[in-house]
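Colleague: Residue-level listing of the chains:
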Amino acid sequence: MKKIIVLAMLACWLAGHEARAAAPFPLEPFRRLAVLEQGRKKPLDTYARNLLKQFSGRSTLNGMDACAWLARVLFVPDETLEDKLFLINQPDVLAALGMEGDGRGRFSYAQLRPGLARLHELAFRYTEQDEASGGRVENEIIRLFYNVSAFNSLLHAFHFARPGETASGDPRRAPPLPALLPLAGSPDEQWLGPAQAFARGSSLPAAMQREISLLAQAAQAYVQADGSDFKCALDSFSRSVRNRLPPGAITPGKLSLEVFYNRLDPFFKAELIYVLALLLLIFSLALSRTHLDRWGWLCLLLGFLFHTFGLAARMLIMNRPPVTNLYETFIFVAWAGAAMGLLMAWWQKQPLGILTGAISGLIFLVIAGRYSLDGDTMGMLAAVLDSNLWLATHVVTISLGYAGCVVAGIIGHVVLVQELLDPRSPAAAGTARSMYAALAFGLTLTSIGTVMGGIWADQSWGRFWGWDPKENGALLIIIWCAILFHARLAGWIGQLGMAAGSIVAIITVVMAWFGVNLLGVGLHAYGFTSGAARGLLAFVVAELLFLTVALSWAKKKSQAGAADTGGK
Amino acid sequence: MNERRVQRLHALGRSLASLKLTVVSLLLLGLLVIAGTVYQAGNGVYAAQREIFGAWIIWLFGIVPLPGLLLISILLFINLLAAVIFRLQYRWRQAGLLLVHYGLLLFLSGGFFIAVTAQEYFLTLREGESSHVAVRVGAEETLPAPPPEEVFLPIEIKLLDFEKTMHPGSGIPRSFSSRVEIVSGNTSRRAVISMNRPLRYRDYTFYQSSYAEDGMGRESSTFSVVRNSGRWLPYIASALLFLGLAGHFLAMMAAALKKTRPGRVRP
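The listed protein sequences correspond, in order, to chains P and Y.
Start counting the first sequence at 5; every next residue gets the next number (the working numbering).
Start counting the second sequence at -17; every next residue gets the next number (the working numbering).
These aren't lab readings, by the way, just hints derived from the structure by calculation.
Source: prediction; values computed, not measured.
Among the hints, a few may not be true.
[Stated by the list, open to error] In silico SDA-like pairs for lysine to any residue, Cα to Cα no more than 20 Å straight-line:
# : chain 1 : residue 1 : chain 2 : residue 2
1 : Y       : K146      : P       : G373
2 : Y       : K146      : P       : Q354
3 : P       : K559      : P       : A433
4 : Y       : K241      : P       : Q354
5 : P       : K45       : Y       : H149
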């Protein structure tokens, strides 16, 4: 009971912990405004976070959260020109823009201003060239240009609302960001930015004109730090937009849920708690205090609850199954690994489950976190994937199979270490049984998932099997697991061999999972990761080194053991 | 001696069913799959299918002969067949495993059947155009290109309209679909072919494959046309595999849990 109370307090503290906005007043209604970006209606809060991450690689700026930063850019743009916002990764970019200073780091709009004309010119020239031929500096210049243009667009989005400033009257030149105003009745569901809408003026329906003036009212309230007026204007703006659209086009509940999800950052919190669980486990092993195990298990459970909440919230917000893109495979495999660890620890009353659960949960959440820097993780689906039934069953099953193999591999490390410390110990044999179960689970689910994928492919592409790299990857996992089980049955490998084989199974899985995406060919190459190849290579080399050292050591040890018994 | 012959046959069968043969041929299969995948990255899927996935023998550097995927599959097929006859035990406890192995046998034989009998064509139509002639796939791979092999379909297809929609405000395609008219004999009907929703006619299936737009803004749609009388084979194999895997895994788990649950005594 005491434990549960302590953990509940920890959970509350973590849930409430966030970077507080340094805004003059609460920005809640501003965060929940619906904006259309990349085909998805999302809260402005998400939009701001993605934008800030894209510009600066960070989630906060000078202690401000992203939405507070966006509010300043929109409403008091002059105060934000000195913010060190734009991340430049290539040292040569500044020189290419004809500017002084040493290359890498974050630069403000004011700093970059002298080089903007050159930036514009270079970026246009590079984009006209073949995209594949661009080097790192060229791509960085194009990226910087997009970021600076978007920022410039935001600076002028509320130009019209500031007294004493005259807005440009040409609708074609008015910045389209942020797309807050749906242009009802337009066939391609176009949404206009505030400045764009203002420039169209009296050609718009009366409701939209009123919305524009409500936005202007909110902008002035922000400048005058009038919280209640700000809230009032934005609330009536949202209501008006919602009423113009067909019912269900914007769901306020989902927008609020997404804002809450953003603020809670459940996956990051889960990572922290998984680390705590691991620390507790290490202490309990080092100090031989087994009651710390219970704490470790409860911690794992708490992390798992945050993790599950995050997963469920995403499903509710997007109204689709848990795994639809590469980012979500990481989240889901981490979740499945943690779930398996929890079940194992609960059933066996041993710390092994806590270890594997926390490690697989942690590692794949960290990878997901790195991957999320690429942009909105809740992107829309390409046409080929848009089939809820198959997406829900095939992808989820395959991911569970991946998780089974990964868990088996993690346990494989433990078996190897146990064997090295104390050959033929009963502890190692017990651990190995869990490893077999995990591997069998992995083989079963990967096989079922692959077959389901075949059926899906037959239904939509006209062939059950087409030697696509992703299909080959899954087949390879199946073949490898089948080899292990048959070789064990044939007496070719024992416990040690199965442990080593399970570790190789992890390598097979990561190759099939995102290694083939790096090949960049085939029908499944929709999730491309940039710069992941080096990390993957490092991982494979490290695992192979570990295997070589551990196996040769084990061999030496068993030879020495044989010599000892021979001498007696 | 009749009995002796039976014994010899048994001995032969047992050696063909050997687990070591399974492991070796699976290893070879795995290596071939890796090789084919890497080869595909540089040379395209058609070349990989011709040189590796559909080959009896692979000529490494043009001189060293290695067993190709077809050869290995036949080896595995014989090994599997011998295993279900001579090695596997016909007991209830092994029912799941038996189903898995029969499912795999059916997959392999179905794969051979489809590889021999199934045919894939392409049919490209501009809006308003109609045709009952499709083109054989892969013909454009070799250089210099021979005239594409043409086949007559049992129906005539007319493309009425091709439509693609994007997710609003983005370049992400939401759907591709073609409205078509199917004429067979003197009857005609309308149908829609879209991503994940093919049109089936007897043993032909029409899939939305790609689209193009010419300089005049006129759209064209390309369908892949598959004629496959064995397309139900993998489905049955899948069902066997699914039942077998799930059954065996659950049975093993139940047995293991019964054995390993520590320190809990039921009253």
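Colleague: None of the hints should be skipped; say for each whether it holds.
Modeller: Outcome of the hint check:
Restraint check for Y:K146 and P:G373: the C-alpha separation of about 34 Å exceeds 20 Å, so the hint is violated. Of the pairs offered as hints, the one joining Y:K146 and P:Q354 is violated, with about 56 Å between alpha carbons and a cut-off of 20 Å exceeded. For the given pair, P:K559 sits about 18 Å from P:A433 by alpha-carbon distance, which is consistent with the 20 Å threshold. Taken as a hint, the Y:K241 and P:Q354 pair is honoured in the structure, with Cα atoms around 16 Å apart against an allowance of 20 Å.
A distance of roughly 11 Å separates the Cα atoms of P:K45 and Y:H149; the hinted pair therefore holds under the 20 Å criterion.
Hint compliance for this structure: hints 1, 2 are not met, and every other hint is.
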